[in-house]
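Novice: Sequence:
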Amino acid sequence: MFPADRPRRLRRTPALRRLVAQTSLEPRHLVLPMFVADGIEAPREISSMPGVVQHSLDSLRSAAVDAIAAGVGGLMLFGVPRAEDKDATGSAAFDPDGILNRGLRTLRSELGVDAVVMADTCLDEFTDHGHCGVLDAHGAVDNDATLSRYVDMALAQADSGADLLGTSGMMDGQVGAIRSALDAAGQTDAGIIAYAAKYASAFYGPFREAVGSSLQGDRRTYQQDSANRREAQLETDLDVAEGADIVMVKPAMSYLDILREVADRSPVPVAAYQISGEYSMIVAAANNGWIDRDAAALESLVCIKRAGADVILTYFAVDIARTLSGTSS
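Note that the sequence shown covers residues 3 to 331 in our numbering.
Some hints could be false.
As the list claims (entries may be wrong) - Below, in silico cross-link-like pairs of lysine to aspartate or glutamate (DMTMM-like), each with a Cα-Cα straight-line distance of 20 Å or less:
1. Lys-307 x Asp-296
2. Lys-307 x Asp-321
3. Lys-307 x Asp-266
4. Lys-307 x Glu-244
5. Lys-307 x Asp-220
6. Lys-307 x Glu-28
7. Lys-307 x Glu-263
As the list claims (entries may be wrong) - For each label pair, taking beta carbons as the anchor points, the in silico distance ranges come out as:
8. Arg-262 x Gly-219: 39 to 45 Å
9. Ala-142 x Val-304: 39 to 45 Å
10. Ala-139 x Ser-216: 28 to 34 Å
11. Gln-24 x Asp-144: 18 to 24 Å
12. Arg-210 x Ala-90: 17 to 23 Å
13. Gly-114 x Gly-53: 25 to 31 Å
Bear in mind the hints are in silico, worked out from the structure with no lab data behind them. C-beta atoms are modelled at their ideal positions from N, C-alpha and C, and glycine is treated no differently.
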């Protein structure tokens, strides 16, 4: 009694497996998140994210050139202001001379049209309380007052050369407010990558160090509850209706079911963000000799792609791009 069906035939050699692979990951699908910090002259290591740094403007320029040369599809920039420049409304976020807008101009002038430059359009790095919006008299995030600040921030980022604005604050109506303001200002070419399904997560921990977060408490009144599925569908539908050009699921690895459902219903491209904690877990396990770093990173990204992501934000972007193109250093 021998089996009539033998699926193993198509797994026998690397060439056969490559021929019938149902998911393809290419360097162009990857976006590298980058941090640019004010007041530093050289890159500053982020202890909880080995291999990732806060950049100076000079090191940002050179690292961006290297990333694009490796073939990555885009760069997502986060600004890290000096502590003394933070305030209750995050005004450094929409100051044309603020660190994030200077960083965007640096990338645009260095890379021209050879790279997709994205900007984080959120206040959390710039507020002295660490929340993603303006607080009311009771200490709660005021959704509608925050939208006005997002509009200011989006216009400054578009003027600084951002191709895509990353609406990560999870305020109701943020995509529509920003789209209307961009169009009214003649910035019709600036696109929006909407963080449509962004969940409150314990895996954001290392990112808080990366941006020098001042947050006390949590963001559960505006980020989604990890127990909820249908809520992600509603948020995605609203963002698409308000004019999102791309929608995103964040985190990625723990939310592959959400990613699949969003991809199945979205008429626009879908991104997923492999966040700091997901990156750091793989690196920490590899540094302890428990797993193969590059193999685990590649597998994790293929799985995110298989679940439906058209675009993946990952701190592994450059290394994996080189692996995929056979140019690993």
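Novice: Going through the earlier hints one by one, which of them does the structure break, listed in rising order?
Specialist: Hints 4, 5, 8, 10, 11 not satisfied by this model.
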